[in-house]
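S.K.: Throw the hints in and build the complete structure from the sequences for me.
Here the protein sequences line up with chains A and B, keeping their order.
For the first sequence, the working numbering assigns the number 18 to the initial residue and increments by one for each residue that follows.
For the second sequence, the working numbering assigns the number 815 to the initial residue and increments by one for each residue that follows.
It is worth saying that the hints were derived from the structure and are not from the lab.
Some hints could be false.
Just a few of them, taken from the derived set where beta-carbon distance is under 7 Å, the chain B residues facing chain A [stated by the list, open to error]: (1) ARG925; (2) MET929; (3) PHE931; (4) ASN935; (5) PHE937; (6) ASN952; (7) GLY953; (8) LYS955; (9) GLY956; (10) SER957; (11) ILE958.
Each residue gets a CB set at the ideal place from its N, CA and C atoms; glycine is no exception.
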Amino acid sequence: MSGARVRWRKFVSNFMMTMTGLCALISVSVLFFILGYLVYNGGTSINWAFFTQLPKPVGEIGGGMANAIVGSGKLLFAASLFGVPIGFLGGVYLAEFSGSFVASVVRYAADLLNGVPSIVIGIFAYAMVVLPFKHFSTFAGAFALGLMMIPITLRSTEEFLKNVPNNLREGAMALGASKSKTIRTVIIPAAYRGILTAILLALARVAGETAPLLFTAFGNRFWNNSWSQPTASLPVMIYTYAVSPYEDWHRQAWAAGLVLLGLILIINIVARTILARGIAVPRS
Amino acid sequence: MEASTKPSVSLNIATNPGAPGAREGFASLPMRMTVSKLNFFYGAKQILFDINMGIADKKVTALIGPSGCGKSTLLRILNRMHETVSTSRLEGDILLDGQNILAQDVTALRRSVGMVFQRPNPFPKSIFDNVAYGPRINGAKGSIADVVEKSLRHAALWEEVKDQLHKSAYDLSGGQQQRLCIARALAVEPEVLLLDEPCSALDPISTAKVEELLVDLKNLTTIVIVTHNMQQAARISDFTAFILTGQVIEFSSTPHLFTTPGDPRTEAYITGRFG
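M.R.: Given below as structure tokens:
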């Protein structure tokens, strides 16, 4: 081989390696840039009042978003109550009981549902819950978020159950366990950490959704006392405050962004911690 | 675990030239299970052809034969594990203590006929919970801890694990895991224990331990073992069936089968000319 050719090959090799490394670096640095920017702006804006006080009327400086923090919590709680059981049980059915045709149809539908733009989910929830009850409510918001949790929970439950080795099923059945008992006492316990992690990640994902809440949970500048009242939530507050013309509201939007990010980060860390402990089925 | 009934065994000596005759006293032994005129299919494909054999009580019966001959399938039929494949179809009779197993409740049957698999398959639970699993799901009364200790002793594992019962079963070595699976199967006090090549994933030392254990377990329960290791069959079994392309070619007492095989194909197999 001629020297020129070898030099060319070495050049291409080095060039491509540099490019891949550079792109990896850019991906990571975008995340860290956003994080850094948010921590810088949010960190200087956040204070104790942010967590404890209600929003002040327009024109007054100060106040906080205590109602939005609680509102987001309530929305996520109710959304999980609605979305997780449906997704989980559906996933159990897909993995353990259904024939391959039904499974493929449901799986396809779940993937489509997962791909439905969140604003469309919002309109749907508006039509289904808000219009019949004639007002925005926590329920409506939770319904929209819960809908978004169903496909994620369903697909990951199915995946984790299917990853449980078949020889555990046989082992339990050979001891006289019925199919449902096998699923309850061996298969789900073997997969629960993966499933729980997936549910938490689904929760983290919908925690930041704004669009489905805009015309379901709407917003509220006060405490809401009822599940059927409009409620404030962090993502919607960020939206409202960020587009407002007031300097102090911008400051609070940054703070809200930081709190929301912190919340999602905590959920993620809890999920990873769960995944890392307990008795796991070793990969063979 | 008394073999109260003694169904007549239709060991068709005419079609099974090597069937154990009166010489080995097979016919006079109490039978725990009998298989007669068994034909088995996966879809349109026939896997087993006209199987007739008896499983003598408190003895070790070995099924040997080359890969794919149907010996594991036959074993799995004995506690109806074949039913996990929806396309399977079965003809013939299989009796356990004179009762047709196909007419029984399948969970009750599997409590009477336990199974240990090729690869150790402990549950992702503690050692204790693995052994306690069977008694718990079957609503056992009395002390679970006693059952666990007894089963682990029978499986010759107690001394090695008694101080770490609450550790993960996966912390054990492969051989220990397999003995744990045997203990787990013994905890429901099965009348028959089926073993599907239980040593194929184990090293020689672990294999020796499991073999030793099986010989001891004979006093406790009836054992049917599938193996492709002929030496293993010769070492531990009382009776051996040689299976080839879904048929029992020869079924006789182990010394008889290995020293004076009645069929040229058996001889070819045990002398290592194929398989």
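S.K.: If a hint holds in the structure, say so; if it doesn't, say that too.
M.R.: Verification of the supplied hints:
no., hint, in the structure
1, ARG925, "holds, 4 Å"
2, MET929, "holds, 4 Å"
3, PHE931, "holds, 6 Å"
4, ASN935, "holds, 4 Å"
5, PHE937, "holds, 5 Å"
6, ASN952, "holds, 6 Å"
7, GLY953, "violated, 11 Å"
8, LYS955, "violated, 16 Å"
9, GLY956, "violated, 18 Å"
10, SER957, "violated, 19 Å"
11, ILE958, "violated, 14 Å"
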